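A.B. asks: Protein chains in written order, with our numbering: chain A, 192 to 505; chain B, 31 to 366.
If you are wondering where the hints come from, they were derived from the structure by calculation, not from laboratory data. The structure presented is a predicted model; accordingly, all values stated were derived computationally and were not measured. Where a beta carbon is used, it is the ideal one built from N, C-alpha and C, also for glycine. Among the clues, some could well be false.
[Claimed, not checked] The following label-pair restraints were derived from C-beta to C-beta distances:
#, chain 1, residue 1, chain 2, residue 2, range
1, A, Glu342, B, Val164, 47 to 57 Å
2, B, Ala232, A, Arg274, 51 to 61 Å
3, A, Phe218, B, Tyr302, 36 to 46 Å
4, B, Tyr252, A, Arg260, 27 to 37 Å
5, B, Tyr203, A, Asp345, 28 to 38 Å
6, A, Asn295, B, Met315, 56 to 66 Å
7, A, Arg230, B, Ser351, 52 to 62 Å
8, A, Asp213, B, Pro144, 47 to 57 Å
9, A, Arg274, B, Val164, 42 to 52 Å
10, A, Ala471, B, Leu41, 55 to 65 Å
11, B, Leu49, A, Ser324, 47 to 57 Å
[Stated by the list, open to error] Among the chain A residues that face chain B by a calculated CB cut under 7 Å, a handful are:
#, residue
12, Ala252
13, Ile254
14, Gly286
15, Arg287
16, Arg291
17, Pro293
18, Ala298
19, Asn301
20, Tyr303
21, Asp312
22, Val313
23, Asp316
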Amino acid sequence: MVLAQESRTAVLAESLSLGYEDMGAVFWAVRGVSLELPRGGSLCIVGESGSGKTTLGNAIAGIIPPYVRTDGRLVVGGVEVVRGSRVVGADRIRGRVVTRIPQNPAASLNPYLRVGEIFYDVLRDSRGIGSRSESRGEARRLLSLVGLEEEVLDMYPHELSGGMSQRVAIALSLAPGPSIVVADEPTSNLDAYLRGYIVRLIGDLNRRLGMTLVVITHDISVAELMCGDLSVVFLGEIVERGSVSEVLRKPLHPYTSELIEASVLERAGRKSGMRTEGCAYYARCPHAGGECLKPPPMLRLGDGREVRCWRLAR
Amino acid sequence: MVGYYVRRALLGLTLILGLIALVYLFVYVAPGNPAYVWAGKPRGPKAAEAIELAARELGLDQPLHIQVASFVCRFLTGSWGASVAFKRPVAEVVLGAFKATTELLLLSYAISIPLGLYLGIFMALRRGSAADKVLKFLSSLLASIPRFWLAVVVIFAFYLIGFQPLGRIDPRYLAEFREVTGFYLLDALLMSRPDAFLDVLARLIPPALIVAVYPTFYVAKYVRFALSEKLYEDYVVEAISLGVSRRTLVMRYSLRGVLPAAFQLFGINLVYSFVDAAVVETVFMREGIGRVLVEGLLRSDYPLIVAAFFTVSLVMLAVNSAVDLVQKKLEPRVRV
Ligand SMILES: Nc1ncnc2c1ncn2[C@@H]1O[C@H](COP(=O)(O)OP(=O)(O)OP(=O)(O)O)[C@@H](O)[C@H]1O
Ligand SMILES: [Mg+2]
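Only chain B is shown next, with the shape it has when bound in the complex (with noise of 0.2 Å):
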């Protein structure tokens, strides 16, 4: 059991070191001197310092296999160097996003993972009534639309009643605004600002709802299909002839049998997530992980994009390695 937790983190580590290195490679052979690539193509007086720099962080005098050794070791270690984007060390910079992109997610996730579920019962029980065949419609046309429309939608809409859902923040809070988490909601409490708190809330929402919307649906629809599959199965069935009321059926005898992939899809679906996520925090101007790789990728920002995406497959990994666990825990057949 322990084992199979430990071969499955090495692995992953394995697969987070192998993609560090390729994307060493991509810069190595990027068009034009890797120093300068890595510098993030400088131009003006200043340039030749700064290609000269990158040449000493890439060790470009060394041979390849050193170049990559070096440039994975030195990642693992913490120096990341600065962003050229960003003017800031790239550590700064990826864990203030990347907490900006939590608080998203979380919330996300928070309405997504009880509404897509609760959805999915709702149509199976019902299943062939109109409840059914609206959101049956629903969740294929709002599982297919593309989030930054809606997100443009959003805006709009609360542009015409006059409240704009843009970053984090309102301004005027920034003045008296300390950071100490990094969350906002949280920073908000603990300056005991109620309507700080509210403000930072009211700009959560519309983009947590929109990036909610894929996986709610996603889930919800699964959840109905394999349900109603399971509600024929021989012991389902069974139980309804031994007297087992409906509530105890659908929560214990068919949900069971449904959560674990359930689960595993929401988990799944979480590397999407982090694209709409950095659709919608462009669009909603708010900071965040997918606002710094656009960002990283429209300035050459190699420093910045590696970090970002080295800590995004670390929590990708992360989340599906604990989505493994619940679904082993929910699923006594399938014990490591």
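Extracted from the complex, chain A is given alone in its bound form (with noise of 0.2 Å):
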């Protein structure tokens, strides 16, 4: 049963459990999360690897294996997914209402297909486009979506770069014309200047076509840039929650504080790896102070050991 309030929502969880059954007992990777998505919206979950970012994930875009388990409810769309241990309307949302970028754009096209059939198989099959120069029309024009030209749909997926793949997929994952769209790690196997392009990319989803967007994500400063809320989650729970900025200026839960500091410290960390003069750790450096500024000697200590840090220095 959906209420009429609860089909507005776009994602709508209630003590959602998600788990593995592994020789009988049961791992649970999502544990009792509840959150609320309206329509148009757009949601950041952020957490590390194997906090079941995957997982819930993919339940919200249809993808629940026989060998899950559920607990709790889940509805996306207006549909009910999940209901207790029941997967009950997954195949009524999947590649309809929701669609997913994979995690990992390169494994996911079929390496036997040009990219121009991959289209006419998903365009055929979610929307009915039995022609295939019809097909190859809407082909293009997702194509241009992500700044692609034609030629990709001549193309088999070995011969795309990985910025290509991952504008296919995204360009794919349009095709059904779907509401809802999940992106699990759309930047984590990019380069700096394709990630800024595919945040971009991805924000604009939400932005300009309005859809509703659920990134999945480990770093927590490319939230910012595509989302509105955002969802922490550690093993499973999630333990913090509110709006981006808000979370981002105040963290409350110090998870979610590791996150940020881990986040800009792997920036500062880029950086610092162009300084030339003073410390070469000075960035990172918990105690760093003015001196830090000058490089420091390497000091002598006896038996053979040296360091390289003014706080010995005095």
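Make the complex out of the two chains shown on their own, each in a separate frame, by following the hints.
C.D. replies: Here you go:
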């Protein structure tokens, strides 16, 4: 049963748990997650590797294989997907209401088909576009949304670069005309330049095309660029939630602070590689002071021990 | 691309020539006079004459490497000599037998290829179901049962219902039967005798089924296993998430990844099928390359053995090259 008000929310989870059965025992990768995302909203789910993000994102996209155990409730696009231990409506939302941008785009394109053929299959089965010329026209339009040329349609997936596969995967996820898109680590395999491009592209799905967006990432710094809301998960549980800007400005949970620090440090670390003067460790050092702007000398402490730090020089 | 196939063909040919040369050496080192061996270890009044003929054929007075070279050359120009066992030219015996075996193997694989693929897909889609378990058990059982035993059982079963599927055709048709193509099904059609055609078919189907058993279940098992794995590949899950239908998934997403290897398995299985055919032909008293080999071995008919061996190798090479070609077509990542 879906209440009228629930059908206005894009994603609604109530104490949702998802687990993998392993030799009789069940390992719960997602534990009692509750969240509500209105239509047209955008939510970022952040957490470290193994915290259950993909499991949750897949469930929202209607990908719940038979070996996954469920509990609680999940409603997506007004369709009840999980009711307690039963998966009821996954087939009705998958590839219709909701699609997914996969975590590893290169592996998620059928290596035996040209890109145009993959588009043709998806367009025919999801939207009943039967003619090849019509399908090609639509595929061309979708590719232009992600800045790719028509030639790509005649290529095999192994002929695409990483960034191209990622963009093809995004265009494919738009092909069924979904109102909700789940992006799983959309930037993890990309270099800095492409990362910025893809982040903007995905953010635009929400800002310009008005789609409901769920972004899954381990890098909290990209959250702000794509989403309005933020949920922080740790070992399958949500430990903090709020608007992205609020959470980033004033994290309340120590794990959130840790994630933010890790992300800041990562960026500082990248910059520190370019420093030529001062202490090399300056950007990440908890004890950094004014004198550290000058390069510290290597101190010989005897017995072959050496250290390069101003704190010991004093 | 063309270069690859030329290289491959040359390699294959070298291999076959090498094997022929090796066979010659075997004859040469076999105990006793090579001419005596080559002539089929004859006894009786005409023996001396036959041995002398063989000695001339083998060029035993020449140095060994010349002997080998002229042996191979003679072989390549088609002078395969006379068969001691069949008292006919070797080429004629081998060609006739070869046609009979081809007829049998063609029907076997016409059954085996679609059936093996179908069973494999069927099992993969119903992993864990009762039907899957029964078929899995059956395929393990049938793939390991000795074919000659199966052949005997089948003949016995037919015997019980009053039909003996022995030979290639009922002897009562032989008077009018004319071998035109050497493929009896075709010849019967050319005679416009539907009754003869049905008789040939009825005698062909039981042995063909028995030969088909191994490749069918071998490939079915492989397809079941490989396809089950493929159904969890990233790109299949991705297609599922994009709403691609189950039919499309199996036919274009999973099967495509399995077919190249499946066809290669059929090609490799052909070697075993020749052995199976030899056994089954013997039990069903059919003419065929297998029987020629068995007969040749029993009678030490070396010219016959070498020729039959050469023909089988050539076919094997051709089929496996064709299979390779199909595989390359199906597999865009390994274009040569
Ligand atoms: N098919 C599966 N069978 C059993 N356990 C699984 C399966 N898939 C995931 N898990 C387990 O569930 C937990 C959560 O996995 P999940 O892939 O959802 O994490 P994640 O947050 O997406 O991690 P990552 O950042 O590495 O992608 C992990 O401990 C993982 O080992
Ligand atoms: Mg993941």
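A.B. asks: All the hints need checking, so say for each whether the structure fits it.
C.D. replies: Going through the hints against the structure:
1. A:Glu342 with B:Val164: 47 to 57 Å: With a Cβ separation near 50 Å, A:Glu342 and B:Val164 satisfy 47 to 57 Å, so the hint holds.
2. B:Ala232 with A:Arg274: 51 to 61 Å: holds, 59 Å
3. A:Phe218 with B:Tyr302: 36 to 46 Å: holds, 45 Å
4. B:Tyr252 with A:Arg260: 27 to 37 Å: holds, 32 Å
5. B:Tyr203 with A:Asp345: 28 to 38 Å: 58 Å Cβ-Cβ, so the 28 to 38 Å window is violated.
6. A:Asn295 with B:Met315: 56 to 66 Å: holds, 60 Å
7. A:Arg230 with B:Ser351: 52 to 62 Å: holds, 60 Å
8. A:Asp213 with B:Pro144: 47 to 57 Å: Because 38 Å falls outside the window, the suggested range is violated.
9. A:Arg274 with B:Val164: 42 to 52 Å: violated, 34 Å
10. A:Ala471 with B:Leu41: 55 to 65 Å: Since A:Ala471 and B:Leu41 have Cβ atoms about 59 Å apart, the given range 55 to 65 Å holds.
11. B:Leu49 with A:Ser324: 47 to 57 Å: Check passed, 55 Å falls within 47 to 57 Å.
12. Ala252: holds, 5 Å
13. Ile254: Interface hint status for A:Ile254: holds (5 Å vs cutoff 7 Å).
14. Gly286: holds, 2 Å
15. Arg287: holds, 6 Å
16. Arg291: holds, 5 Å
17. Pro293: This hint holds: A:Pro293 lies near chain B, its Cβ roughly 5 Å from the closest one there, short of 7 Å.
18. Ala298: holds, 4 Å
19. Asn301: OK, holds: A:Asn301 within 7 Å of chain B, min 5 Å.
20. Tyr303: holds, 4 Å
21. Asp312: holds, 5 Å
22. Val313: With Cβ-Cβ at 5 Å, under 7 Å, it holds.
23. Asp316: A:Asp316 check passes; min Cβ-Cβ to chain B is 5 Å, inside 7 Å.
Violated hints for the displayed structure, listed by number in ascending order: 5, 8 and 9.
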